[in-house]
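Top to bottom, those sequences are chains A and B. The opening residue of the first sequence carries number 783 in the working numbering; numbering runs sequentially from there. The opening residue of the second sequence carries number 17 in the working numbering; numbering runs sequentially from there.
Hints were generated in silico from the structure; no laboratory data involved. Heads up, some of the hints might be wrong.
[Unchecked claim] With a Cα cut of at most 35 Å, we get these calculated DSBU-like pairs of lysine-lysine:
1. B:Lys-133 x B:Lys-149
2. B:Lys-116 x A:Lys-905
3. B:Lys-142 x A:Lys-904
4. A:Lys-916 x A:Lys-898
5. A:Lys-787 x A:Lys-813
6. B:Lys-116 x A:Lys-898
7. B:Lys-149 x A:Lys-928
[As the list claims (entries may be wrong)] Just the calculated beta-carbon pair ranges, DEER-fashion:
8. B:His-54 x A:Asp-908: 54 to 62 Å
9. A:Val-809 x B:Arg-107: 52 to 60 Å
10. B:Ala-125 x A:Ala-805: 47 to 55 Å
11. B:Val-101 x A:Asp-1043: 48 to 56 Å
[Stated by the list, open to error] Some chain B residues near chain A, calculated using beta-carbon distances under 7 Å:
12. Pro-28
13. Arg-30
14. Leu-33
15. Leu-58
16. Met-59
17. Thr-61
18. Asp-87
19. Ala-104
Just so you know, even glycine gets a beta-carbon here, dropped at the ideal spot from N, CA and C.
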Amino acid sequence: MPSLKDLRNRIASVKATQKITKAMQMVAAAKLRRAQEAAEAARPYSQRMAAVLANIASNVDGDDAPVLMSGTGKDDVHLLVVCTSERGLCGGFNAQIARLARDHTRRLLADGKTVKIITVGKKGADILRRDLGKNIIDHVNLREVKTLGFVNADEIGHKIITLFNEGAFDVATLFYSEFKSVIAQIPTAQQLIPASAIGDVEPESAGDAVYEYEPDPAAILGDLIPRNISVQVFRALLENAASEQGARMSAMDNATRNAGDMINKLTMSYNRQRQAQITKELIEIISGAEAL
Amino acid sequence: MAEAFQFELVSPERLLLSEQIIEVVVPGTEGYMTVMAHHAPLMATVKPGVVAVKTPDGKLDSYVVFGGFVDITPDGCTLLAESAVHVADIRADELQNRIKDAQEDFEDATTREDRAKAEDLLGQLKTLEEAIKAA
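Okay, chain A solo, but in the shape it has when bound (with noise of 0.2 Å):
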């Protein structure tokens, strides 16, 4: 049985990380508005990002279509691009990321395929490394970043093609969890290379007008598909920082509740046990005044 010295010192500190936790929930939720802000901001260029190359894929024949579109022919090798957090509190957010890239390695590893990882963001880096250690071929460090910019992520867009340039791989996936509201975020899998995702776009009728292209076709998709990948790498990260930061404050949410139940348990003890106290000191002196 804790003293009441003990009690007094564990309801402090309870009360102290409350407000810790409070505290980085308001945090977590102005830092949310931001990110839903700049998610927001940047979908405008990747819609039109999608509408124009839609438009002018179905212009290209087949036969010339890049590489980066069609794909090597081959699925042998995988390289997945696994995006997380920088920081941790943040309830299962990086966890599940984890998982579901974890899960598709131990998936395509059992079908005998070869299987690489780059990772953004430590904590995704920290958690795979443990078991795909030696399937991690790269990291990239966001540690530094205040805003997410488009520069960021350009990075990582070139260096997944100059790996795919080099032949270092066959199919790229994109993971990174999607933000549908402040409760769930859901891990996704993306595929980016071949770039099979611009079929679900249905071209927009240009009515019967000749589009007229300037250079040819094939060299403005082999330009645009470059930096359509460095668009869908922007995002995931968007969305995955706006992931984040609903997760956080969801799990903060919880933490600052727990800990309020906490202290009303601790409290009910701390005043039950004085209680106790106080009636074992009056029986204590009723029976001295008896004994006299």
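Could you slot chain B onto chain A? The hints should help.
Then chain B, alone, in the frame of chain A:
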């Protein structure tokens, strides 16, 4: 009075401009071109340069873009810039950094193709620098 059409300038970070304009000068890879209403549908790559926009009330506005695409449809014109800033907000040191990067790329390039590409970019950036200085 020339007819107005919808013009949009988007960078990955945000939508910079989306309004009715009467004329825009776009730095295409194969030369500057002026786009007005009812331009033939065209898709072109864009080199680093200055985009000049003329609004219906005759005001002129300029933006600096670093590469991208322009997509001209019967409904309007969309410029997808890799990076774009208003000409008033361009910082000299940022441009210097880009020129330095391009210079390094040029020096590091191994294949002839890469070298030619880097040289082009370097030339375009230097022209842009002069254009901004003159403005």
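Structure-based check of each hint:
no.	hint	result
1	B:Lys-133 x B:Lys-149	holds, 25 Å
2	B:Lys-116 x A:Lys-905	holds, 34 Å
3	B:Lys-142 x A:Lys-904	violated, 39 Å
4	A:Lys-916 x A:Lys-898	holds, 9 Å
5	A:Lys-787 x A:Lys-813	violated, 39 Å
6	B:Lys-116 x A:Lys-898	holds, 33 Å
7	B:Lys-149 x A:Lys-928	holds, 31 Å
8	B:His-54 x A:Asp-908: 54 to 62 Å	holds, 58 Å
9	A:Val-809 x B:Arg-107: 52 to 60 Å	violated, 30 Å
10	B:Ala-125 x A:Ala-805: 47 to 55 Å	holds, 51 Å
11	B:Val-101 x A:Asp-1043: 48 to 56 Å	holds, 51 Å
12	Pro-28	holds, 4 Å
13	Arg-30	holds, 4 Å
14	Leu-33	violated, 11 Å
15	Leu-58	holds, 5 Å
16	Met-59	holds, 5 Å
17	Thr-61	holds, 6 Å
18	Asp-87	holds, 5 Å
19	Ala-104	violated, 20 Å
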